[in-house]
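Enquirer: With the hints as constraints, model all of the structure from the sequences given.
As you go down the protein sequences, you meet chains A and B in turn.
All residue numbers for the first sequence refer to this note's numbering, where the first residue is 1 and numbers rise by one.
All residue numbers for the second sequence refer to this note's numbering, where the first residue is 266 and numbers rise by one.
Treat the hints with care, as some may be off.
A short, non-exhaustive set of chain B residues, derived as facing chain A with CB atoms under 8 Å [unchecked claim]: (1) PHE290; (2) VAL307; (3) LEU312; (4) ILE390; (5) VAL394; (6) ILE402; (7) PHE403; (8) PRO405; (9) PRO407; (10) ALA480; (11) THR496; (12) LEU498; (13) ASN499; (14) LEU500; (15) VAL517.
Reference listing, derived: stretches of chain B covered by chain A, where coverage requires no fewer than 3 residues with Cβ under 8 Å from a Cβ of chain A [what the hints assert, rightly or not]: (16) 280–289; (17) 414–425; (18) 503–516.
Think of the hints as simulated: they come from the structure by calculation, not from any bench.
These figures come from a predicted structure and were not determined experimentally.
Don't be surprised by glycine CBs; every beta carbon is placed ideally from N, CA and C.
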Amino acid sequence: MSVTDPAAPGPRTAFAPNRLGRLGWIALVVYVIYAGSQLGFSAERFSSGLEHGHRFLVRMFPPSFARWELIYDGILESLQIAVIATFFGILMSLPVGLMAARNLMPAWISWPMRGVIALCRSFHPIIVAILFVKAIGFGALAGVMALVVASVGFISKLFAEAIEEISLKQVEAVRATGAGFLSILIMGVQPQVLPRFIGFATYQLDSNLRNSTMVGIVGGGGIGAALFTAYQRFDFDVVLAILIVIVSLIMVAEIVSGWARRVFQ
Amino acid sequence: MTVATQLERDWQRFTPLKRLSRFAFYLFAALALVISLRTIDVIPEFLYDAPDQMTDLFKRMWPPDPSYIRPTLQGLIETLHIATLGTIIAIGLAVPIGLLAARNVTPNFALNLFAKFVFVTSRSINSLVWALLFVAIFGPGPLAGTLAIAFRSIGFTGKLFAEAMEEANAGSIEALTAAGASRSSTLLLGYWPQIRPAFWSIALFRWDINIRESAVLGIVGAGGVGVALDTALNLLYWDQVAVVLIAIFAVVVLAEIVVTSVRARLL
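Expert: If you want it as structure tokens, here you go:
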């Protein structure tokens, strides 16, 4: 009886070549060339673009903060939109996420709720903002509503998943003391999910802040309107100034939300 | 200290500093909310007829215009190409920068910092803004959209890639180095097998996000199904808008199903 040695025939190689993997890489290269030709990429387009890019950069520098009060108002409105949208988004996500958790709710509640969440998540906030601008007119309110929808989609999904991962022992222990449903939620579920919930909420605040600087492009209020107007007027130095303000605001917000997550760890 | 006094100690869940910082967080959040609510510029009159406007909107949207399906599908295919190609370019750019950002691969603080700065810049600028910039450079069209998606994704993919590299087990890498492996062999045979699952799941996750994002880029002229959406919106053909929205919804749901099933098989 002989034990078949898998490496017996031929010389042993420590790292056998992965033929299937190589085929995959070739397929990738073929796809890139095909998709590139479909989208009309070409070398001339690229080189002429670099020339435009050079002129574009020249016109961007130095950034112009001459209309700073316009930038200030826009940024302030973006901040307000982000804060309000996050608050109402969280407020609505609490019941929606709870109802979508399959371990606490019967299927006839959780599945429709999961559908609602999927619907909220599948459209980009800008598209939702367009619809709200039509429904309630131009201004910050449309932006707030659009970002509330986005927040509900994101937070409730993660919140439902967090609830589904909790340990049911603590829930059962609280239930065994004869507690009602609300007490079970507060004493059995809430301590297990609060740190993660704060994590989602601060992450969503960051995300809302990013998007609140954009909803203005479609009329939803905030700095986006000023950005888009400056862009259309070819005031690229103002565009650069606005971008610098947006990026630094987002960086500050990321530091603050990182701090908040550490506090609740 | 006797046992009795020890038992009577007042046990508390959090240290005073922790409680203070939690309180500060709640206070800060409440203040921000109150100030925002009081100062935001909202015209309440617009809210009164919002339900009417909403029903009007849906009435105009129904029934969707079937003649608009063809341009929508063309746009959708373009969007899929933009998202896929953008993701591929992003990963191609993010991997080298990610290697610079990973502290165990590149033990140079200045290079780490530079790579992190690239990631933060890429992530902080919204894809619509990237699209605006590239439209100004390359003119309207899917080229601008693809580059916008790529540049926006570098930060996300690169950051996660660098984190996966930093979490790689040093044992097998040391073994390879001890055997005299070159730098590229260490990367290819030491790191790559360890981070491969993370790598594919990052790529898939970003592709899923990019499909959503590339669907709106057409609003600023960067190609894809957003162009069809923008045309229909500007002409107030809401029945055509409905076609585009249904198509986007279908593709996003489909992409999510694909990503979940592929990821379940990969991991």
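Enquirer: Hints first: check each against the structure and report whether it holds.
Expert: Each hint tested on the structure:
For the restraint placing PHE290 (chain B) at the interface with chain A, the shortest Cβ-Cβ distance is roughly 5 Å, inside the 8 Å limit, so the hint holds. Contact between VAL307 (chain B) and chain A, as hinted, is supported at the beta carbon level, the nearest pair being about 5 Å apart and thus within 8 Å. Look at LEU312 (chain B): its Cβ gets to within about 6 Å of chain A, closer than 8 Å, so that hint holds up. Against a cut-off of 8 Å between C-beta atoms, the interface hint on ILE390 (chain B) holds, since the closest Cβ of chain A lies about 7 Å away.
Because the beta carbon of VAL394 (chain B) sits about 7 Å from the nearest beta carbon in chain A, less than 8 Å, this interface hint is met. With a least beta-carbon distance of about 4 Å to chain A, the hint placing ILE402 (chain B) at the interface is held under the 8 Å criterion. Annotation: interface hint on PHE403 (chain B) holds; nearest CB of chain A at approximately 4 Å, less than 8 Å. The interface hint given for PRO405 (chain B) is violated, since its Cβ lies 11 Å from the closest Cβ of chain A, which is over the 8 Å cut-off.
The beta carbon of PRO407 (chain B) comes within 4 Å of a beta carbon in chain A, closer than 8 Å, and the hint placing it at the interface holds. Satisfaction of the interface hint for ALA480 (chain B) is found here, the shortest Cβ-Cβ separation to chain A being roughly 6 Å, below the 8 Å cut-off. Annotation: THR496 (chain B) was flagged as interfacial toward chain A, and the flag is violated, the nearest CB pair being 13 Å apart, outside 8 Å. The interface hint given for LEU498 (chain B) is met, as the beta carbon of that residue sits about 6 Å from the closest beta carbon of chain A, less than 8 Å.
Taking 8 Å as the C-beta contact cut-off toward chain A, the hint placing ASN499 (chain B) at the interface is violated, the least distance being around 11 Å. A hinted interface residue such as LEU500 (chain B) counts as satisfied when its beta carbon comes closer than 8 Å to some beta carbon of chain A; here the least separation is about 14 Å, so the hint is violated. About 4 Å separates the beta-carbon of VAL517 (chain B) from the nearest beta-carbon of chain A, less than 8 Å, and the hint is met. Restraint check on the region 280–289 of chain B versus chain A: 3 residues with Cβ-Cβ distances below 8 Å, three needed, restraint holds.
Only when three residues or more bring their CB closer than 8 Å to a CB of chain A does the claim for the region 414–425 of chain B stand; here the count is 0, and the claim is violated. Evaluation of the coverage hint for the region 503–516 of chain B: fulfilled, as 3 residues show C-beta separations to chain A shorter than 8 Å, against a requirement of three.
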